[in-house]
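Peer 1: Generate coordinates for the entire structure from the input sequences, incorporating the hints supplied.
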Amino acid sequence: MTLHGLVLTGGGARAAYQAGALRALAELLGPHHTFPVIAGVSAGAINAAALAARAGDFRSAAHELCGLWAGLQPESVYRTDVRSLARIGSRWIRDIAGGGLLGRSGVNHLLDTSPLRGLLTARLGLERLPARLADGSLRGLAVTATSYATGTALSFFDGAPDLQPWARSTRIGVRETITLDHVMASAAIPVFFPPVTLRGSSFGDGCVRMSAPLSPAIHMGADRIIAIGIRFRRPTEEVVALNAPRPAAPPRLSDIAGLLLNAVFLDSLETDLERVNRINRTLALVAPGRRDELALRPVPVLALQPSQDLGKLAAQQYSEFPRTLRHLLAGIGATGDNGWDLVSYLAFEPVYLGRLLDLGYADTMARAREVEAFVSAG
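Our numbering puts the last residue of the sequence shown at 1537; the count rises by one with no breaks.
The set of hints was computed from the structure by calculation and includes no laboratory data.
Backbone N, C-alpha and C fix where the C-beta goes; we use that ideal spot for every residue, glycine too.
Okay, derived cross-link-like pairs now, DMTMM-like style, lysine to aspartate or glutamate, Cα gap no bigger than 25 Å in a straight line:
1) Lys-1471 x Asp-1414
2) Lys-1471 x Glu-1429
3) Lys-1471 x Asp-1517
4) Lys-1471 x Glu-1234
Computed beta-carbon distance windows for the label pairs:
5) Glu-1479 x Ser-1243: 22 to 32 Å
6) Gly-1310 x Leu-1418: 13 to 23 Å
7) Gly-1310 x Ser-1535: 35 to 45 Å
8) Glu-1429 x Val-1350: 15 to 25 Å
9) Asn-1439 x Thr-1336: 30 to 40 Å
Peer 2: Here you go:
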């Protein structure tokens, strides 16, 4: 029996795109199709955990997930009240301006995400995971977070008894019961969201050090993988045109922050896809009887990615954002004319999220024949 795996990368609000794509997959593949192996990184870990808790009923799970994203407001994810923002901001000013003479406040984030913790406690349903593992509808769930102490990406997994831990130079897999803390840590955008304590140490967004997001699903036995990313691949000619010599204003803090977050969130899936496809092509040249000697196996991957630039999509919706959110973003230079990419990660706003849900659904439906052929080939 072919084990189908699902890999969900992500970054902040952009992960709503995945929920729309998942709803389309559920409609295309029918009510009885399952993904027994699920791996999530960053905000994709939220989607992965929600699906895993409802394994065995993919269509219902995808529908609930879309409802979760459609109902989000900025204040559902982080506190937007003046008191909270002023309290955190004053601690940063004290640490930087005081040069340590006034003592260290220990501040290491810009936003208080306690509302997100409360929301996921009520909506994620992680208490269902043991039952899904016991009845066999779920073989394995992996959630990846980055250790700030060691710089290692830890993929925390729970699943079938035969699943074994793994270790590579900058990433390891460890068996643990998946909790809300694991999900919150994986989705903790560096600098903006607070680190989460796991195993007595601080952890943050899994994408920071996860160079191989397909790896956990492969280690958990997936034979074929559908991976849903959040990166729009610009045509080569557009990239060349964008880099033509031209006068440019100095970058704002929001531009730099957006570029750094893009480096964290957008490149690892494409790089890993190239690696896996290269291995698959190499194995196709090896006689079947000798493949076992290589300790490798072919794992076909279908990648679903946005057909539009999600940063530009956020900019188009900027004027419709609530005043409190625009004020917060403007404080770091994101005005709708600048810092589009940064806005796209932090704008948990219904209009923008709705556009992402619709785009994810439409993009996946546009590839319906490809999706159906990929799944049926297994």
